[in-house]
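Kindly produce the complete structure, drawing on both the sequences and the hints.
Going line by line, the protein sequences match chains W and G.
The numbering of the first sequence is the working numbering, which starts it at 109 and goes up by one.
The numbering of the second sequence is the working numbering, which starts it at 109 and goes up by one.
Hints may be right or wrong, so weigh each one.
Just so you know, same-sequence chains aren't split out, so a pair can sit in one copy or run between any two.
With a straight-line cut-off of 25 Å between C-alpha atoms, the simulated SDA-like cross-links for lysine to any residue are [said to hold, decoys possible]:
| # | residue 1 | residue 2 |
| --- | --- | --- |
| 1 | Lys178 | Thr250 |
| 2 | Lys302 | Met109 |
| 3 | Lys229 | Gly167 |
| 4 | Lys286 | Asp366 |
| 5 | Lys229 | Asp129 |
| 6 | Lys229 | Ser304 |
| 7 | Lys229 | Asn241 |
In case anyone wonders, no lab produced these hints; they're calculated from the structure.
Protein chains: 2
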Amino acid sequence: MREVAITGIGSTLFGRHPEQDIQGLAIEAAQSALDRAGLDRREIGALYLGNFIAGPLTGQEVLAGIVGDKIGLSNVPCTKVEGACASGGIAFRHAVMAVQSGLCDAAIAVGVEKMTQASRKDATNALLCARDNREDGESGLTFPGLFGRAWKAYEARYGITREEVAAVSIKNKANGLKNPLAQLGANLTLDVIKQSPMIADPVQLYDCCPTSDGAAAVVVTTRDRARNAPDLAIDVLASVQTRGAPHLAGHPDLTSFDATVSAAQRAYAMAGVSAGDLDFVELHDCFSIAEIVDAEDLGVLPRGQGGKWTLEGRTAVGGTIPINPSGGLLAKGHPVGATGVAQIYEAVLQLRGQHANQVRNAGLGLTHNLGGVGVACTVNILRRPDAR
Amino acid sequence: MREVAITGIGSTLFGRHPEQDIQGLAIEAAQSALDRAGLDRREIGALYLGNFIAGPLTGQEVLAGIVGDKIGLSNVPCTKVEGACASGGIAFRHAVMAVQSGLCDAAIAVGVEKMTQASRKDATNALLCARDNREDGESGLTFPGLFGRAWKAYEARYGITREEVAAVSIKNKANGLKNPLAQLGANLTLDVIKQSPMIADPVQLYDCCPTSDGAAAVVVTTRDRARNAPDLAIDVLASVQTRGAPHLAGHPDLTSFDATVSAAQRAYAMAGVSAGDLDFVELHDCFSIAEIVDAEDLGVLPRGQGGKWTLEGRTAVGGTIPINPSGGLLAKGHPVGATGVAQIYEAVLQLRGQHANQVRNAGLGLTHNLGGVGVACTVNILRRPDAR
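In structure tokens form, the structure reads like this:
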């Protein structure tokens with residue numbers, strides 16, 4: 109397998125984009141990434157587009173081919189991939205695999221979703237395409253409900269306070285204020301969070317990521333070819349995709365998602381690093397409690413200690429292990445199919461030392477993207493080339 | 109790149125399946141393929157599922173993970189791929205690539221769609237996700253309309269009679285009568301076709317494939333590993349995916365789809381064969397005129413002669429080059445995401461000499477799957493191992 113690096117990156121603002129159709133968002137991000145890739149577009153041999161629910165929400169599929177056409181990729185295989193909220197991460201992994209395997213010398217991964225035009229009912233129904241309707245439809249499962257159950261399970265097993273869970277939202281919303289791409293950065297307080305509407309007990313409004321429009325894109329190539337790129341190329345040490353149970357009954361213990369645990373273990377082994385070596389993590393905080401569960405599954409926080417560490421500021425920028433310096437899904441936003449690629453975008457800026465909320469001397473970073481009821485997961489480990 | 113062969117294959121009946129949800133169809137086909145693969149399921153390292161419009165039509169995504177879970181693939185990457193009507197072909201190509209590249213030693217491709225429960229309006233709207241709404245939405249394009257334009261363009265350039273186009277439907281519907289999996293085999297006559305309702309001038313009802321439910325699956329592995337399979341393993345000589353323009357304006361000449369032409373050229377080069385070496389073809393006859401355009405694009409019929417050859421019976425079983433001995437999309441049915449995998453299923457039966465509508469001494473076959481306005485295409489060339 110050949111060694112791979114990321115050259116060009118691109119992203120739209122995350123938020124409401126009434127002025128843009130979904131094609132336009134994806135094309136804007138892809139074009140920006142291509143413009144900074146240091147490659148001729150004729151060198152791009154594959155396009156992977158991560159998207160979850162463009163069909164029900166926009167009536168538009170074949171987005172991979174549409175983007176490939178508009179950015180001028182001549183007769184190159186263009187494929188949409190889907191794995192619920194992990195669709196973007198799956199797109200990135202397939203672009204990496206295409207180069208690793210020698211199928212082509214460069215590839216582009218794009219992620220996109222457009223959701224804010226939909227009614228609340230339509231958006232909710234579309235998001236429920238991520239559950240296994242046969243197994244969990246009759247349970248009435250929604251995703252705030254699922255993470256409400258996870259929170260209760262975590263509380264029962266390890267004990268966690270409202271203040272500790274709220275500390276995730278407070279940190280990520282504050283990080284989001286520093287990220288020019290973020291949709292909903294804010295200065296939150298525990299009182300504001302506690303007074304926000306109840307969504308699915310104990311999950312309240314500020315424990316939830318928003319509904320978002322947005323797109324992100326990254327170009328990958330061989331490390332040799334990446335040397336001439338205009339911006340510092342970032343090495344991909346590992347890119348792993350795993351599967352977990354698609355339904356609740358497959359997760360007897362909601363304090364952990366096995367797809368995350370196994371993806372992380374494989375990624376660390378592949379990269380030859382351990383969780384303690386990481387300088388920062390961008391992970392899938394679709395709900396505040398999810399950040400704690402995910403961080404423990406990734407081995408970056410000790411089991412049962414995630415709330416305490418967060419409240420103590422140890423996951424803030426400047427802390428022991430900064431988590432979601434971008435603002436994460438909670439503050440940056442969660443245009444579902446875009447998220448996994450957007451995490452790579454944020455991590456690359458950190459590793460180049462160019463992030464608006466920079467982690468000092470960031471040399472090694474991890475991104476984590478989780479879909480559905482933990483049915484699909486991707487974990488990537490990225491390194492600045494001079495960081496060993 | 110390693111050499112790849114197909115071992116197990118599975119398929120549901122194509123047609124109406126009110127008794128089954130979409131998960132059930134996909135699981136049935138996947139389980140059948142796995143049961144005949146001659147492999148332990150722990151050897152399967154990747155699952156690719158081709159599906160186009162399960163989101164809008166069934167409210168169910170993450171089908172790749174759901175199928176992987178139910179057939180017992182332990183923590184293996186499971187990915188849905190989409191490229192409109194070529195989704196199944198794209199799934200097969202990715203399973204092949206996973207084994208070719210050494211990523212894993214065996215992989216499974218599944219294709220599925222469930223459409224007959226939808227109202228005509230909902231089905232039509234969902235199928236229109238395959239057009240580029242930004243470019244072609246205002247044109248009022250529908251797919252019968254597109255192929256009506258192709259027919260008119262072909263007629264203007266080469267001349268073709270109603271009888272010649274009808275000969276495609278008559279042949280494929282007759283082939284379908286012999287295929288136990290087919291939805292709508294029939295003994296048709298020119299008169300019946302000419303008296304059928306006009307859909308989009310000159311396309312009439314019997315020029316159109318039906319709306320279908322169904323699923324198919326195939327297992328691929330290395331040629332060495334395939335030797336112990338219970339059924340004859342079939343060699344994959346080439347598996348190619350290309351992109352064409354996603355909108356009408358990108359196709360100034362509708363008598364040909366460039367994605368098919370380039371996919372075929374690359375596939376022949378990769379396989380070291382030419383169109384004249386083929387013993388049969390399974391191609392994307394979503395409409396009767398499409399078979400003629402596709403066959404000429406693939407180089408298996410001379411340009412402008414497709415209608416004449418068909419009317420003369422030269423594309424029937426026993427003719428010069430049998431096309432769609434399965435009945436094709438017109439008679440076997442077109443559960444969209446399943447079709448590309450189902451074509452492989454049919455071709456494997458032919459190459460094993462086990463098809464209910466057998467082409468004598470079939471040693472080399474080609475499958476062709478086309479999506480949207482020619483935006484995505486896959487071409488595969490398969491060979492019986494003892495046929496050189």
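Structure versus earlier hints, numbers of those that do not hold, lowest first: Numbers 2, 4, in rising order.
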